[in-house]
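Number of protein chains: 2
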Amino acid sequence: MVMNNNIKAEIFSTGDEVLWGDIDDTNASWLARKLRESGIEITRITCTGDRLEDIAGIIQEISARADIALVTGGLGPTSDDLSAEAAALATGDTIVLNQKALTSMQSYFNKRELKMSDDNKKQAMLPSKAGVMENFFGTAPGFHISCNRATIFFMPGVPREMKPMYEKSVLPQIRDLFAANTAINSSSLISRFKIFGLPESKVGSRLKDFNDHFPQLKLGFRSTIPIIEVKFSTISQDIIKSQKQMEQASQWISSRLDGYIFSNTGLSMEQELGRVLASRKKTLAVAESCTGGLIGSMLTDVEGSSDYFLLSAVTYSNEAKIKILGVKPDTLMAHGAVHEQTAIEMAQGARRVAGADYGLATSGIAGPGGGTDEKPVGTVCIGIAGDDFSKAYRFNFSFGDRSMNKKFFAVKAMDMIRREVLKIS
Amino acid sequence: MVMNNNIKAEIFSTGDEVLWGDIDDTNASWLARKLRESGIEITRITCTGDRLEDIAGIIQEISARADIALVTGGLGPTSDDLSAEAAALATGDTIVLNQKALTSMQSYFNKRELKMSDDNKKQAMLPSKAGVMENFFGTAPGFHISCNRATIFFMPGVPREMKPMYEKSVLPQIRDLFAANTAINSSSLISRFKIFGLPESKVGSRLKDFNDHFPQLKLGFRSTIPIIEVKFSTISQDIIKSQKQMEQASQWISSRLDGYIFSNTGLSMEQELGRVLASRKKTLAVAESCTGGLIGSMLTDVEGSSDYFLLSAVTYSNEAKIKILGVKPDTLMAHGAVHEQTAIEMAQGARRVAGADYGLATSGIAGPGGGTDEKPVGTVCIGIAGDDFSKAYRFNFSFGDRSMNKKFFAVKAMDMIRREVLKIS
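In order, the protein sequence lines correspond to chains G and V. Every letter in the first sequence is one number past the one before it in our numbering, and letter 397, counting from 1, is 397. Every letter in the second sequence is one number past the one before it in our numbering, and letter 298, counting from 1, is 298.
Note that these hints are calculated values from the structure, not bench results. There could be a bad hint or two in this list.
It does not matter which identical chain is meant; a pair holds if it fits inside one copy or across any two.
Quick list of in silico lysine to aspartate or glutamate cross-link-like pairs, EDC-like style, CA-CA up to 20 Å [to be verified]: (1) Lys121 x Asp81; (2) Lys34 x Asp24; (3) Lys241 x Asp24; (4) Lys375 x Asp401; (5) Lys375 x Glu113; (6) Lys129 x Asp301; (7) Lys163 x Asp401; (8) Lys163 x Asp24; (9) Lys129 x Asp93; (10) Lys282 x Glu272; (11) Lys202 x Asp119; (12) Lys168 x Glu37; (13) Lys423 x Asp93; (14) Lys208 x Glu85; (15) Lys100 x Asp118.
Everything numeric in this text was worked out from a predicted model, so none of it was measured.
This is chain G alone, in the form it adopts within the complex (with noise of 0.2 Å):
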């Protein structure tokens, strides 16, 4: 991939809580991608607690590597909040009142009608030589010193102060800095193929040659079972030839994974399904046994759902099968509630029920009890029935995990829907 900008930044999160794991780190992910949307490479994440010296010492370490770094963390007022003095510490600064902290904070508790403690005046005490960012949406200032060949950047790392202040602070400053660089102005294309039906690692070998090919792309996979999305991506100062590369590169993976492409816009199962069902005019009606709701909630995760989507009945019990669905009796008692007819029957009910184009149905086992020789864990029967037609399918997943089996019964419910309603098989 063209990244050969050589501009190289690193993220560090600094705080007990995100170390200790007691939150998810969701503020390094967040400039991650934002950082690459502009074109710059990130060559690290690192994490540390509240201690003086280790955050000195990392900062030191990150200051010979990198170019840019953008640190979170540890502006408050309270006495775990270090991070202006390990700047100083790192760079053998000294701690300062700086005004223009002051003045801003000052502004932020007046604005309020809030009155300034003594405790927020520690939050502006920063190194003599860092510049000030303002915080639009709290107390504590950001600033940003130079260290070795290292911009470094402070920010808080409450999200809703951190975010606009990198937007508004931080993200023209990195412009400036390195105007003359191409890679700061050059484009980023990306783009997502969205695969159900093949493991990944099928999905690895089938696109191993795709260096070979395409040695300026880069290619990544994603794995959230049962859905794989196949990544490719570049950025280039070239954007035509670009362009070209990436449409060359969609057709060769197409072709080495046709017909378990559901998606080459990046959408979801249960996005894309709508989306195919909503250009055509059809209403979906479902009935879900083993999958307990999840392919109503997932098809009605997306908005506008309710064009397309009119009913999902989770008839867990025989009775409400034959009650609500109108499934015979007969059906359940000859071949009980994980079958092929079954599925039929239900599939037929919800459509008439609803008075949907097409009725989806699942009935089967997602364990961890309930499974038989004939019937193990994971026997899933999917049924389908339109105007003028039904059928049915049986299927054994099991991935040894109830709410995992759901998952794969739901989506393959969908996808199965899908292709009937494209006519493809």
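With chain G held as given, fit chain V onto it using these hints.
Showing chain V alone in chain G's frame:
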């Protein structure tokens, strides 16, 4: 807290998808919590991408600072999975086919009646001096090596494979390695209270004197909207004394958060509602509109839910509300779908068609579209019906996000039926 053990541990997450912020590093926070529960101090978390030299370099850095390193990611079958190679590079070792790893993978495939591909075999290529750790829920075996002062454990990046490997293989080995250390042999006592209905800042301020009363205990909060977990813990060699402190802390917290704690054993809302229904041998049927099947899906994530959960009818359209649930057309005409009377009739209908003891219904506006002045986004009506009563409530909660609103509506509805069954207001 007692943490004077001198064992230093670091966590190292690998993978472009984490470095680039495509996913949050929840593995690191989970491992950090687990290590602390065992009395082990974490000093640093590092993350880098899928580049061989970067990974090998960081392994060397960590091996000079820490006694234990937990590495996640990079064990898959694709070309960007580089952990084994990096471990060999860092320790001057070579990669060889590990027979034990191959056998363990073979048994994984055999159990599932799957065929192992040549690509999978790459996953059994490990440093010659590595010890193998079995993966119970996936193909990639883990391994551990010695490097400088550190024992380094390499685990998969997929959380459902990593977590059992940590519990079953890594932790027992850490206990063996540091058996002489007092901290690791001490007992960790943890209590988890689950809170619904108070924002995190209010929970925090009600408990702000905790450390004055219980200086030996550690208090933590974890917010998974809309639920707050209050966790308090201690690591101690004097188990009797610690148990007494924990008991006193339980009472103190219970009195401060009276009415908002729905579980003092760490159960989720759906588990707790299931427990309450099952213990009273009562059954539930749900009619969902704005929650779109989420209540059914959450309830059926709990094993054994078929004992008390009979039906969820996800009736998005008015037609489905009328035909399936018997909501009166006049009610819909006069009041619309989002109204107390509609919610009552939906709850009664679900109860009746399923033959359940209780009926529960939601109708509201999850957004972002569909709001009006009278019924803005975030409005939800919750209906409850029993043998000899029915009632409904209207609330407005809006989080500016469709799936967040759905989640809040679902948990609020489950909490209300839980209170109804328990006869608490």
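How the hints compare with the structure:
| no. | hint | result |
| --- | --- | --- |
| 1 | Lys121 x Asp81 | within (13 Å within a copy, 49 Å between copies) |
| 2 | Lys34 x Asp24 | both (18 Å within a copy, 14 Å between copies) |
| 3 | Lys241 x Asp24 | neither (39 Å within a copy, 32 Å between copies) |
| 4 | Lys375 x Asp401 | within (16 Å within a copy, 40 Å between copies) |
| 5 | Lys375 x Glu113 | between (54 Å within a copy, 16 Å between copies) |
| 6 | Lys129 x Asp301 | neither (42 Å within a copy, 49 Å between copies) |
| 7 | Lys163 x Asp401 | between (30 Å within a copy, 13 Å between copies) |
| 8 | Lys163 x Asp24 | both (16 Å within a copy, 16 Å between copies) |
| 9 | Lys129 x Asp93 | within (7 Å within a copy, 47 Å between copies) |
| 10 | Lys282 x Glu272 | within (14 Å within a copy, 39 Å between copies) |
| 11 | Lys202 x Asp119 | between (53 Å within a copy, 8 Å between copies) |
| 12 | Lys168 x Glu37 | within (15 Å within a copy, 40 Å between copies) |
| 13 | Lys423 x Asp93 | neither (66 Å within a copy, 54 Å between copies) |
| 14 | Lys208 x Glu85 | between (49 Å within a copy, 17 Å between copies) |
| 15 | Lys100 x Asp118 | within (17 Å within a copy, 64 Å between copies) |
Against the hints set out earlier in the document, violations occur for numbers 3, 6, 13.
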